[in-house]
Amino acid sequence: MGQGEIRKRPFRDVVKRGISLADRPGRPGTFCDAKWETSGGELCLATIAAAVPPTFSWVLVLSRFSGPPAPRAAFPATRLRRVRATDWSRRLVRETTLSVDDLIWPLFVMDGSGQQPVGSLPGVNRLGETEIVATAKRAVDLGIPAIALFPATDPKLKSEDAVEAFNPDNLVCRVTRQIKDAVGDSLGVILDVALDPYSSHGQDGLVRDGQVINDETVDVLCKQAIVQAAAGCDIIAPSDMMDGRIGAIRTALDEAGHSSVQIMSYAAKFASAFYGPFRDAVGSAANLGAADKKTYQQSPSQSDEAIAEVALDLAEGADSVMVKPGMPYLDIVARVKETFGVPTFAYQVSGEYAMLRGAADAGWLNGDAVILESLLSFKRAGADGVLTYFAADAAELLHRS
Numbered sequence: 265m266g267q268g269e270i271r272k273r274p275f276r277d278v279v280k281r282g283i284s285l286a287d288r289p290g291r292p293g294t295f296c297d298a299k300w301e302t303s304g305g306e307l308c309l310a311t312i313a314a315a316v317p318p319t320f321s322w323v324l325v326l327s328r329f330s331g332p333p334a335p336r337a338a339f340p341a342t343r344l345r346r347v348r349a350t351d352w353s354r355r356l357v358r359e360t361t362l363s364v365d366d367l368i369w370p371l372f373v374m375d376g377s378g379q380q381p382v383g384s385l386p387g388v389n390r391l392g393e394t395e396i397v398a399t400a401k402r403a404v405d406l407g408i409p410a411i412a413l414f415p416a417t418d419p420k421l422k423s424e425d426a427v428e429a430f431n432p433d434n435l436v437c438r439v440t441r442q443i444k445d446a447v448g449d450s451l452g453v454i455l456d457v458a459l460d461p462y463s464s465h466g467q468d469g470l471v472r473d474g475q476v477i478n479d480e481t482v483d484v485l486c487k488q489a490i491v492q493a494a495a496g497c498d499i500i501a502p503s504d505m506m507d508g509r510i511g512a513i514r515t516a517l518d519e520a521g522h523s524s525v526q527i528m529s530y531a532a533k534f535a536s537a538f539y540g541p542f543r544d545a546v547g548s549a550a551n552l553g554a555a556d557k558k559t560y561q562q563s564p565s566q567s568d569e570a571i572a573e574v575a576l577d578l579a580e581g582a583d584s585v586m587v588k589p590g591m592p593y594l595d596i597v598a599r600v601k602e603t604f605g606v607p608t609f610a611y612q613v614s615g616e617y618a619m620l621r622g623a624a625d626a627g628w629l630n631g632d633a634v635i636l637e638s639l640l641s642f643k644r645a646g647a648d649g650v651l652t653y654f655a656a657d658a659a660e661l662l663h664r665s
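What the sequence shown shows, in the numbering used here, is residues 265 to 665, in sequence order.
Since the hints were made in silico from the structure, they are not lab data.
Keep in mind that a hint or two might mislead.
[Stated by the list, open to error] Derived lysine to any residue pairs resembling SDA-like cross-links, with alpha carbons at most 20 Å apart:
1. 401 with 378
2. 487 with 521
3. 444 with 380
4. 643 with 356
5. 643 with 605
6. 601 with 365
7. 557 with 592
8. 601 with 361
9. 487 with 423
10. 643 with 355
11. 420 with 432
12. 420 with 407
13. 558 with 480
14. 557 with 476
15. 487 with 515
16. 557 with 508
17. 643 with 626
18. 487 with 558
19. 420 with 380
20. 557 with 569
21. 401 with 376
22. 558 with 474
23. 643 with 444
24. 558 with 476
25. 487 with 503
26. 444 with 476
27. 557 with 473
[Said to hold, decoys possible] Label-pair restraints from in silico Cβ distances:
28. 419 with 387: 54 to 62 Å
29. 630 with 592: 52 to 60 Å
30. 352 with 632: 56 to 64 Å
31. 479 with 335: 51 to 59 Å
32. 535 with 479: 33 to 41 Å
33. 404 with 338: 22 to 30 Å
34. 407 with 350: 22 to 30 Å
35. 387 with 425: 33 to 41 Å
Keep in mind the model is a prediction, meaning the values are calculated, not measured.
Think of the CB as a built atom: it goes at the ideal place given N, C-alpha and C, for glycine as much as any other residue.
Produce the entire structure from the sequences given, and follow the hints as far as they go.
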């Protein structure tokens, strides 16, 4: 291929060639001038001059360009089974590994004490405030780097305008303070930013005349993020899918003195049928009823749109991005990682967990094996970490192995 130039190419075409550029207002279509050359199969950036006004922030990502696979001799000179013949050899050539460091443990918290099983999530419980602190300590003992907390809000506290979301003494803020008092910085705490646990209608945003409204919702999400950061959470994870919320939340956090709090954006969150058990766990299923979230979550048919969403969120200040659900969307995980090269996470959601756990409990699948295989597949696709309800089980299996 030698040398070449990409000159004034549209956003979509440039992304496909390994260079992505996004402006802060969030409109695909930014142009760039770039010269690139190939050397040994690697795409090397020689020069770049961005045709972007200096008031805009932009993201430039150079993806790895690989040439064709190295030629191999034909069979029988080449026998790929040779390297698979022994355990030590298989380990020696292993391309992908899974460790406890790759795990994030989602936990459901409720008021009071004790625990309540979630019927559609076998083996998963809503945990009272005492139990959630004990579970956080267990996560530390297992070496799990972070937990993600989701509140099962008392129905009496839910309202049309979801004001409980930015109550500085709400359930998830209280619990975060208790966890941080108990374990300090030995465990990361991730808090979800969205209104569905607090709204009487079950939507992630404010509703007016039957429609989820964007900009006023973003204002409320900023208030929610600020109280969560003040409570001590380490990562804010906006899952609402409102346009422009990452930039607004980043600005709000910085102005409130929380510039060290990370943002893990649910950048590619799809309107999926795999969320059902989660909505049971947080108590939003009954509130949502027959309604759906298709006007703000992405259609399962979309791939290019997912890349555009990620580009915009990175341009607005996201520190890391997430794809949700996980296993049905590993193509999106791979494409995000290859395109942007940023910390990329995936959520093995409640429906995925329920299927695997249910099949294992029925004796149809080897539970331990499918847990580790499913999580390894996330890593192979390019995920840097996985939110999974199997986190504790996987950690114990990995320690034993």
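Status of each hint after checking the structure:
1. 401 with 378: Measuring from Cα to Cα gives roughly 16 Å; hence the hint holds.
2. 487 with 521: Roughly 13 Å separates the two Cα atoms, so the pair holds.
3. 444 with 380: Since the Cα atoms of residue 444 and residue 380 sit roughly 23 Å apart, the hinted pair is violated (cutoff 20 Å).
4. 643 with 356: Cα-Cα ~18 Å, so holds.
5. 643 with 605: With a Cα-Cα distance of about 14 Å, the restraint between residue 643 and residue 605 holds, given a limit of 20 Å.
6. 601 with 365: holds (18 Å)
7. 557 with 592: Holds, at roughly 19 Å.
8. 601 with 361: Distance ~17 Å between residue 601 and residue 361 Cα, so the pair holds.
9. 487 with 423: Since the Cα atoms of residue 487 and residue 423 sit roughly 16 Å apart, the hinted pair holds (cutoff 20 Å).
10. 643 with 355: holds (16 Å)
11. 420 with 432: Holds: residue 420 and residue 432 sit about 17 Å apart, inside 20 Å.
12. 420 with 407: violated (37 Å)
13. 558 with 480: holds (19 Å)
14. 557 with 476: holds (9 Å)
15. 487 with 515: holds (12 Å)
16. 557 with 508: holds (17 Å)
17. 643 with 626: Roughly 27 Å separates the two Cα atoms, so the pair is violated.
18. 487 with 558: This hinted pair is violated, its Cα atoms lying about 25 Å apart.
19. 420 with 380: The hint holds at about 19 Å.
20. 557 with 569: holds (16 Å)
21. 401 with 376: Satisfied, since the Cα-Cα distance of roughly 19 Å is no more than 20 Å.
22. 558 with 474: holds (13 Å)
23. 643 with 444: violated (29 Å)
24. 558 with 476: holds (10 Å)
25. 487 with 503: holds (15 Å)
26. 444 with 476: Given pair residue 444, residue 476 is violated - Cα atoms ~34 Å apart, limit 20 Å.
27. 557 with 473: With a Cα-Cα distance of about 15 Å, the restraint between residue 557 and residue 473 holds, given a limit of 20 Å.
28. 419 with 387: 54 to 62 Å: With Cβ atoms ~25 Å apart, the hint is violated.
29. 630 with 592: 52 to 60 Å: For residue 630 and residue 592 the Cβ distance comes to about 21 Å; the hint is violated.
30. 352 with 632: 56 to 64 Å: violated (22 Å)
31. 479 with 335: 51 to 59 Å: holds (56 Å)
32. 535 with 479: 33 to 41 Å: violated (21 Å)
33. 404 with 338: 22 to 30 Å: Cβ of residue 404 to Cβ of residue 338: about 53 Å, so the range 22 to 30 Å is violated.
34. 407 with 350: 22 to 30 Å: holds (29 Å)
35. 387 with 425: 33 to 41 Å: holds (35 Å)
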